[in-house]
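Student: Make a model of the complete structure from these sequences and hints.
Chains as they are written, first to last, in our numbering: chain A, 1 to 246; chain B, 1 to 242.
Read the hints as simulated data drawn from the structure, not as lab findings.
Don't take each hint at face value.
To be verified - Here are a few chain A residues that sit away from chain B, every Cβ distance over 10 Å (derived from the structure): (1) Ile36; (2) Arg42; (3) Met185; (4) Leu223.
As the list claims (entries may be wrong) - Quick list of in silico lysine-lysine cross-link-like pairs, DSS-like style, CA-CA up to 25 Å: (5) B/Lys73 / A/Lys242; (6) B/Lys70 / A/Lys244; (7) B/Lys73 / A/Lys87; (8) A/Lys87 / A/Lys23; (9) B/Lys99 / A/Lys19; (10) B/Lys15 / A/Lys242; (11) A/Lys169 / A/Lys242; (12) A/Lys169 / B/Lys15; (13) B/Lys21 / A/Lys242.
What the hints assert, rightly or not - Short, incomplete list of chain B residues facing chain A, as computed with Cβ under 10 Å: (14) Leu54; (15) Gly80; (16) Lys99; (17) Met100.
For glycine and all other residues, C-beta sits at the position ideal for the given N, C-alpha and C.
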Amino acid sequence: MLRDIVSNTHNEIDKLIAKRSVKFFFVLASVMPILIGFAAGRIQSNDMITLPSLSVSFFIMNSFLLVVLPLFIFMSSSELFAGEWEKGSLFQVRPISRMEIYLSKVAAITILTYMQLVVVWASALITSRALEKAIVWNEAGSTFISLLVSIVPLAAIVSLAAFMSQWFKNGPASLASSIFLYGLMAALPFAFPNLMHYFPTAYMDWYQQWLGNVNVLWLVQSLTYLFSFSSLFLTAGYYMFKTKEL
Amino acid sequence: METVLEVSDLGKTFKNGRGIKKINFSIEKGNVFGLIGPNGAGKTTLMKAITGQLKPDSGNVLVLGTDLEKDYKSAIRNVGANIGSGGIYTHLSAWKNLKMILRFYPDLPISRIDEVLQLVGLSQYKHDKASAYSMGMVQRLGLAAALLPKPRLIILDEPANGLDIDGMLIFRSIVQQLSESGVTFLISSHLTSELEKICTHFGILIEGELQCIIEKELIPAGKSVEDLYIERIGGVHVAGYC
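Tutor: Have a look at this one:
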């Protein structure tokens, strides 16, 4: 079973990275931290404002975690599920079960999303080195912890995206609806603050809880919530996926 | 003789009332079974149900004695298929498309990809994206994909569509050579003249029902499969052959 999941994950990654849009996201992940870093450096050199480099790194990280990576997840999920359904390539005559196909698609999206985060982190680190003339190890360590723990809320978004894609028979409809839902989840807490912690969007900057004074109880609670959310939508998505017919 | 494919009471009805009804047939090792029928008769539905792409409402499918529903992976490991063009990713090259299939068959060497591309005459275009291929080239690639895992049963849906004369000759030669070596085929087509050249058995499928199975050897001189098919479509019972 594991061998087939690994083989198909490899296939799904191959399919995605051959897409221009996916290449664009990777270019964005490597270039954007450099541009933001140098823009911040220029502002500081003009003495207009003082920006701590750690804030710049976290600003970059936040913009990717809150906007760019969810967009990438929804795009990839729409492509691998609804898009393939539309093209008739979702199920093929291969010795692999539907559960293995589903898990490998989810794994491929998670791996590529995380790879982008690594690219962002490395690019931000190199930019910081270029601007500060030395690596600030404290900053590098903090952003590295952020990098490691960010997989948890991202996995929850991947599960949600996989579930959403099962409802549609074409990629664009799935993508538009997923973005709308994500926007709604991000916006609703402004009107109804009590709802905030029911949506995974509230946990996208979850990594910040790991820095400084760590509140263990809050970490356990949020981890339990994110794990439950992921399990629920992953299972519901699979249920819909396995009953599909070409 | 070994039975490679056994279909029993296979049925599938869609919301619009169309589909296939209680299909029963079997194919012996090395036979080439041609499925003939008008558009919408249920040929592709039958093939999709046989390969597990559609879940049948009733019946079961045995591939070399293995129940498709109970042990899908073991059963399908012996099957190569090209049903529609859905199996081809047009943003990838022919080589990459086949590489993705090969990953499920770790016993096969990487050289198998070039072997099948050579066989279908696509070697010189192997690194071109499939989106740049003509319909005939996509058909050839689909055939290569079906042949790649060295299956014992090959299922091809309208494989002659879009093929040029050269492609048709290659296709015919591959089917003949492989069937002689014991590979079994299930091929659907509306080109009865083409099927007549390669098939050993014919099944006439009309409105989701397998009306009759004709053995090529029993067709009298002067009659073609097309004649029998037209008689059947016209409601005339083809005594002695069905």
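Student: Each hint should be assessed against the structure and marked as holding or not.
Tutor: We went through each hint and held it up to the structure:
1. Ile36: Non-interface label on A/Ile36 holds, nearest chain B Cβ at 31 Å vs cutoff 10 Å.
2. Arg42: Given that every Cβ of chain B is farther than 10 Å from that of A/Arg42, nearest at about 39 Å, it holds.
3. Met185: The claim holds: A/Met185 sits with its nearest Cβ about 32 Å from chain B, beyond 10 Å.
4. Leu223: Nearest chain B Cβ is 34 Å from A/Leu223, so the label holds.
5. B/Lys73 / A/Lys242: Holds: B/Lys73 and A/Lys242 sit about 15 Å apart, inside 25 Å.
6. B/Lys70 / A/Lys244: Judged against 25 Å, a Cα distance of about 18 Å means the pair holds.
7. B/Lys73 / A/Lys87: Holds, because 23 Å separates the two Cα atoms, which is no more than 25 Å.
8. A/Lys87 / A/Lys23: Within the cut-off at roughly 21 Å; holds.
9. B/Lys99 / A/Lys19: With a Cα-Cα distance of about 17 Å, the restraint between B/Lys99 and A/Lys19 holds, given a limit of 25 Å.
10. B/Lys15 / A/Lys242: holds (19 Å)
11. A/Lys169 / A/Lys242: OK: A/Lys169 and A/Lys242 at ~15 Å, within 25 Å.
12. A/Lys169 / B/Lys15: holds (17 Å)
13. B/Lys21 / A/Lys242: holds (24 Å)
14. Leu54: holds (5 Å)
15. Gly80: holds (7 Å)
16. Lys99: holds (8 Å)
17. Met100: holds (4 Å)
Consistency note: the structure conflicts with none of the earlier hints.
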